[in-house]
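Construct the entire structure; sequences and hints are all you get.
What follows is the residue order along each chain.
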Amino acid sequence: DIVMTQSPDSLAVSLGERATINCKSNQSVLYSSTNKNYLAWYQQKPGQPPKLLIYWASTRESGVPDRFSGSGSGTDFTLAISSLQAEDVAVYYCQQYRSSPHTFGQGTKLEIK
Amino acid sequence: QITLKESGPTLLKPTQTLTLTCTFSGFSLSTSGVGVGWIRQPPGKTLECLALIYWDDDKRYSPSLKNRLTITKDTSKKQVVLTMTNMDPLDTATYYCVHRLTYGPFDSWGQGTLVTVSS
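Those protein sequences? They're chains A and B, same order as listed. Residue numbering for the first sequence follows the working numbering, starting at 81 and increasing by one per position. Residue numbering for the second sequence follows the working numbering, starting at 17 and increasing by one per position.
A hint or two may mislead.
[Stated by the list, open to error] As a list, the in silico BS3-like pairs of lysine-lysine whose alpha-carbon atoms are at most 30 Å apart: (1) A/Lys131 - B/Lys82; (2) B/Lys94 - A/Lys125; (3) A/Lys104 - B/Lys75; (4) B/Lys82 - A/Lys104; (5) A/Lys189 - B/Lys21; (6) A/Lys193 - B/Lys61; (7) B/Lys82 - A/Lys116; (8) B/Lys61 - A/Lys189; (9) B/Lys75 - A/Lys116; (10) A/Lys125 - B/Lys21; (11) A/Lys104 - B/Lys61; (12) B/Lys61 - A/Lys125; (13) A/Lys131 - B/Lys93; (14) A/Lys131 - B/Lys21; (15) A/Lys131 - B/Lys61; (16) B/Lys89 - A/Lys131; (17) B/Lys61 - A/Lys116; (18) A/Lys131 - B/Lys75; (19) A/Lys131 - B/Lys94.
Rather than coming from a laboratory, the hints here were simulated on the basis of the structure.
Following this line, the structure appears as structure tokens:
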């Protein structure tokens with residue numbers, strides 16, 4: 081299985097400030113034949129299912145605010161929120177879908193400072 | 017608009033078999049590239065992918081749970097069924113049904129159903 085490790089486990093950021101979450105895989109999730117990174121980011125608010133934010137490492141899902149961005153390639157990835165809003169308080173998960181079983185990181189809890 | 021809804025028992029005793037049904041709308045599981053899967057999340061923990069079934073009946077299982085899982089589809093009823101045998105209290109979790117398209121991420125999720133295993 082590909083192991084996904086997120087850092088930090090929790091993060092407190094002031095409103096309007098930038099938040100950054102990292103995700104590292106123990107094997108590359110870049111598929112050479114498509115030149116795509118099979119890496120997604122999800123947001124989960126309490127009592128709700130996860131919501132897809134970013135896929136192919138950097139493509140925003142339709143309707144996701146442009147303050148959310150994804151970057152990285154191979155084994156190292158980052159989710160950034162450029163200007164934190166109150167509604168961004170949630171747990172964020174990275175996931176690789178390069179190979180089965182599709183595995184998730186342990187989650188990063190984002191709070192307001 | 018894609019919707020998925022999980023149904024099944026909320027409480028099981030140890031050793032019993034769990035049967036969950038995902039009823040979906042907004043897509044067909046006979047369309048090339050489409051997949052439906054099951055993900056679970058124990059309280060306060062991360063997500064675990066259990067099983068996926070694709071339009072061509074290809075099935076993928078979590079290696080650690082493979083011996084306990086069976087996933088099937090009924091395309092005409094727009095349902096996917098997951099069975100998990102020999103349930104244990106450690107299997108207590110919210111179970112989600114998800115949609116996947118053409119090797120992509122899980123782009124639609126059901127609301128989830130909490131399954132508790134307790135004697």
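Against the structure, the hints:
| no. | hint | in the structure |
| --- | --- | --- |
| 1 | A/Lys131 - B/Lys82 | 27 Å, holds |
| 2 | B/Lys94 - A/Lys125 | 28 Å, holds |
| 3 | A/Lys104 - B/Lys75 | 27 Å, holds |
| 4 | B/Lys82 - A/Lys104 | 26 Å, holds |
| 5 | A/Lys189 - B/Lys21 | 27 Å, holds |
| 6 | A/Lys193 - B/Lys61 | 23 Å, holds |
| 7 | B/Lys82 - A/Lys116 | 29 Å, holds |
| 8 | B/Lys61 - A/Lys189 | 12 Å, holds |
| 9 | B/Lys75 - A/Lys116 | 23 Å, holds |
| 10 | A/Lys125 - B/Lys21 | 19 Å, holds |
| 11 | A/Lys104 - B/Lys61 | 19 Å, holds |
| 12 | B/Lys61 - A/Lys125 | 13 Å, holds |
| 13 | A/Lys131 - B/Lys93 | 26 Å, holds |
| 14 | A/Lys131 - B/Lys21 | 15 Å, holds |
| 15 | A/Lys131 - B/Lys61 | 16 Å, holds |
| 16 | B/Lys89 - A/Lys131 | 24 Å, holds |
| 17 | B/Lys61 - A/Lys116 | 29 Å, holds |
| 18 | A/Lys131 - B/Lys75 | 24 Å, holds |
| 19 | A/Lys131 - B/Lys94 | 22 Å, holds |
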